[in-house]
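*Asks:* In case you want the letters, here they are:
2 protein chains.
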Amino acid sequence: MLDFKRLENLSLQCRGDILKMTHVANSGHPGGSMSSIDILVTLYSFANVDSKDPWKENRDRIIISHGHISPGVYSTLAAYGFVDRDEVISGFRHPASIFEGHITRGIPGVEWTTGNLGQGLSAGVGMALAGKLKNSSYHVYVVMSDGESAKGQVAEARRTARKYNLDNLTVIIDYNDIQISGHAKDIMYVDLKSEYESAGWKVIEIDGHDHKQIYSALNIAKNDGAPTVIIAHTIIGKGVSFMEDKPDYHGKPLNAEELEKALKELGIENDTRKYIEIREKLPIKEHENVKKSYKVSINTGKYRIYNDKTDNRSALGRAIADLAVINDNVVAIDCDLKGSVKLNYLDKERPDRLIEIGVQEHNAATLAGALSVEDFVTFFADFGVFGVDETFNQHRLNAINNTNLKVVVTHCGIDVGEDGKTHHGLNYLSAPTAWFGFKVIVPADPNQTDRAVRYVAKEYGNFVIAMGRSKMEPIKKEDGSLFFDGNYSFTYGKMDVIRDGKEVAIFTMGSVVPHALNAVEELRKEGVDVALINVSCPLELDEEILTRYGREKILVVEDHNTFNGLGKLIAAKLFEMKVLPDKFQKIGLDHFPVSGSYKYLFKIYGLDSEGIKKAVKRLLED
Amino acid sequence: MLDFKRLENLSLQCRGDILKMTHVANSGHPGGSMSSIDILVTLYSFANVDSKDPWKENRDRIIISHGHISPGVYSTLAAYGFVDRDEVISGFRHPASIFEGHITRGIPGVEWTTGNLGQGLSAGVGMALAGKLKNSSYHVYVVMSDGESAKGQVAEARRTARKYNLDNLTVIIDYNDIQISGHAKDIMYVDLKSEYESAGWKVIEIDGHDHKQIYSALNIAKNDGAPTVIIAHTIIGKGVSFMEDKPDYHGKPLNAEELEKALKELGIENDTRKYIEIREKLPIKEHENVKKSYKVSINTGKYRIYNDKTDNRSALGRAIADLAVINDNVVAIDCDLKGSVKLNYLDKERPDRLIEIGVQEHNAATLAGALSVEDFVTFFADFGVFGVDETFNQHRLNAINNTNLKVVVTHCGIDVGEDGKTHHGLNYLSAPTAWFGFKVIVPADPNQTDRAVRYVAKEYGNFVIAMGRSKMEPIKKEDGSLFFDGNYSFTYGKMDVIRDGKEVAIFTMGSVVPHALNAVEELRKEGVDVALINVSCPLELDEEILTRYGREKILVVEDHNTFNGLGKLIAAKLFEMKVLPDKFQKIGLDHFPVSGSYKYLFKIYGLDSEGIKKAVKRLLED
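Keeping their order, the protein sequence lines are chains X and H. Positions 1 to 622 (UniProt numbering) are the ones given, in order, by the first sequence. Positions 1 to 622 (UniProt numbering) are the ones given, in order, by the second sequence.
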């Protein structure tokens, strides 16, 4: 049994710390921190977490989804010795302090960086799934706010928890009924109890300021054999009379006078002067990085060789299945497209490693990120438009969390064909530039795809591997043997000179490569000497190759948006290298394309060998 | 009373047309088209729509959310004379035909381009809201699939319909229980009835192949004074014995033999040879554009002049309120941030024109796009990370729909300060390059903000106006008068030469401008002659100014991601203009920033006047 008196005392201390640190920083969210604090203090006491060994493997995972209540979280972590209390109160929201405005994964006791609302439950579902897959006994707790419960991603995560019977997952909602603009029920009514029940969850309602009720609910939830939500009725600003139930204090710290009054009411000494003095001495610089990662242990197996025409998707699917057969720590996430993204190979070999999330991409992307930090090499497979465009901000948050996610997207570009503009994913190079740290690989054929998949599996970090839909001939050398043969190994950032040549250099990638190769070979027969360079890593351009070919006539061909694609990247890179080519032209998409067979579309937009030949000739003409 | 025999005959004809057009195209989705067809045929007969006058103002709006059932929609439109039947069957999914893979707004009878699942209901909510705001009597119908009901955005839209009592909205769900990967209930169970009831909707369940039941349900739903969902139980592939309840036919057309068999079973003549012949003669080119727009009628009012320090947000909020006071067709969408994005001004003047969606950004973005095509100049106000990054694919779909949306995002860049990396929106230039047709404006001060808001209000089309958070001095000329004064009018694509100079040219935008101006003035006192150019339209770079300053030493400073921001855009542009500057340097963010006051962050990342001065001096040094 817990010592409830101690919990009360700690909660009181935390309330004081919340008010102090937000006052010292002159910034932050005291209101919600004070409504959540009794939950947090009870939870960190109840859960299997240990400040002496904060990252022990079987620890319970605690995710705080409404990351703006960082003052509440930091004060709790300080109360239990995870972090230093003076550092928290003096450093909160200062650049030199790790205690940022929103909680950050890597701080002892913090499992997931949050701040953009509505993503925390998906992360919790991912960690709970990981626990099941690892046969680990840990429990996952997600604390969230009522306001963020309106986010659609929460509904997606809820259904996923039910589908996978995640009885190792408990949600606690701080139901203070206050959002920034006023009472939650006036802004956008969410019937929490009814919505969770509809999704098949167990629901417990309690007073969120009563430690005994919180403890008892946590105990029931942990052992009831189902995903359970605890709806904890709370009061924003709880503990200080003039702050209670006031939306104003959502994001506004107390001024000196208010602080004095509040601390007096709480019976806590006002020692903020001391913290202000420490803060004033902090240097104006970036704090040390708290990025967390792990050493990936994986057997990448024996590569596959493709001699015949096939699609990169199949090479992708087979490589993932190969990896999963010989490693237990490989998992893939599908959004009702397993036949198209070729996870059917995995489904056949290791159905236990295929997680089917249905048409719930936001949830799938976050959940995949969370699985990937739980020692799983995680493939999130989807069409380009869904795996990149639809899930843009989820991957941005994954990047912030320094996950180990492999976003493998098929059906990129107009190579998709008949499905048309809604399905033509044209931003697979540009979107990841927004996700600092993400690397992008666009393989040229099935052999390079196979090698790229095995490469990303062993490298910790976030990758996008982007490919088209149609079948293609494996790229061959001039002697007819495979270009990416048994001796080839993938190196990130290396361009492949598929054909050397002097008059024009074609830079291209992905599904355009075979078309460009045809064009180059036909042009040779006509006596035109053209180089063909495959840019499989467009975000890390190979300066050696650019220096070698950069002053010639250059043609960039891409099945991508030209406003933010390969041509733009090469142009900016050559400019910064102070290399001006004789001529420079780019071919790609500069408006939403129409729908049609990919052969027709390649012809219309100039990406087929005829179009490329014409463009080369135009460059040579005038 | 409807002629049900006629509906049956039309449905039969449509079933044949669905099978024919997908066979002729060798592509498309027959299965879902056949499960939806009785619903579609009944709905287009029941609703107030007229093929003779397809865009009449008071027409009922019909949105088909699962846009891949285009064969069902096109065959229905052909059956009622909206479009030519032969053109549909022969042209389906051919580049020269307007009948693309997914249905397209602008085709008579099609109100909204769909294809990416789960967005249709939000569009319907937007149009229903528009009807209420316009006091128009039209009814809005949204037909959707059960599979897409798992998307979180649907839950968001559902709550919004209840909040605004949209009794002019009816949803019909084609509940065939089949998704691409199998039975919906196995992939991701959604308890449709319970979820809609939890959100306060009325629910009717019917047999979705019984025209009388469909008619009767539509009649009840239209008149029951609440948003209502009709759950129509259907069978995929309905009508052809070997297709029924088979997931295979979700996205696979029949081959010649199957088609012959199927048409025989339906008692329909197999005349596909004729359509194949017509198709073979179609040219391989893009079809004519069916983009729909309207003439914007608006009084942009009298500009406001700001002489004193204030934030661009307040200028934004005041301008929107000004416009709404003198125009009835101005509306703004808020996501629980009205005090921060300064829609509180609008709330005070025209509360009836402020739509509060809460923390449901995906729904808000689509709903805003739909409102904007209903003759409302629509402002979607949000923080940069939510209004741009979180809603990336919603705006891409808005762009495809050629909406008239003004995305006004505040709190962009590290100017946000203490909220930290989750809240630093650093992609407000790059993300819109993915949304073909979107224009971007980054105003330099409150006066330019005021003029930019009035400018976008009168121009049909999609815009992003991006700004920071902090207060800034209005930009002044050398004589101390306002730079953007009463004589200034905003011109898209024009750079502003704030200070002329010969040694170095600084290109910058937004919240950095005042800091750069300070730097320039201090440098002048030290005898260094620096030009300062404000790039308020970074996606449309001013070639005249770039030619004038392009060969000097250039410094680009941006509160934006440098991998895809202003520096990159200017570099690529100068490269394509074949202009190489003497030196070129860019300052901005190349990793996730820390949290801290914006003054500290500007200092750390070199965006403050000290940092800019140092960078200028370094350019001059070596």
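Keep in mind the hints are simulated off the structure, nothing from the lab. Take the hints with a grain of salt, since some may be wrong.
One copy or any two copies: either way a pair holds, since identical chains are not told apart in the list.
[Said to hold, decoys possible] With a cut-off of at most 20 Å between alpha-carbon atoms, the simulated DMTMM-like pairs for lysine to aspartate or glutamate come out as follows:
hint: 1; residue 1: K302; residue 2: E197
hint: 2; residue 1: K292; residue 2: E576
hint: 3; residue 1: K261; residue 2: D248
hint: 4; residue 1: K185; residue 2: E197
hint: 5; residue 1: K261; residue 2: E478
*Asks:* Each hint should be assessed against the structure and marked as holding or not.
*Replies:* We went through each hint and held it up to the structure:
1. K302 <-> E197: Result: close neither inside a copy nor across copies, 48 Å intra and 54 Å inter.
2. K292 <-> E576: neither (33 Å within a copy, 42 Å between copies)
3. K261 <-> D248: within (17 Å within a copy, 69 Å between copies)
4. K185 <-> E197: This pair counts as both: shortest intra-copy Cα distance 19 Å, inter-copy 17 Å.
5. K261 <-> E478: Neither: 82 Å inside a copy, 49 Å across copies.
Of the numbered hints stated above, those contradicted by the structure are hints 1, 2 and 5, listed in ascending order.
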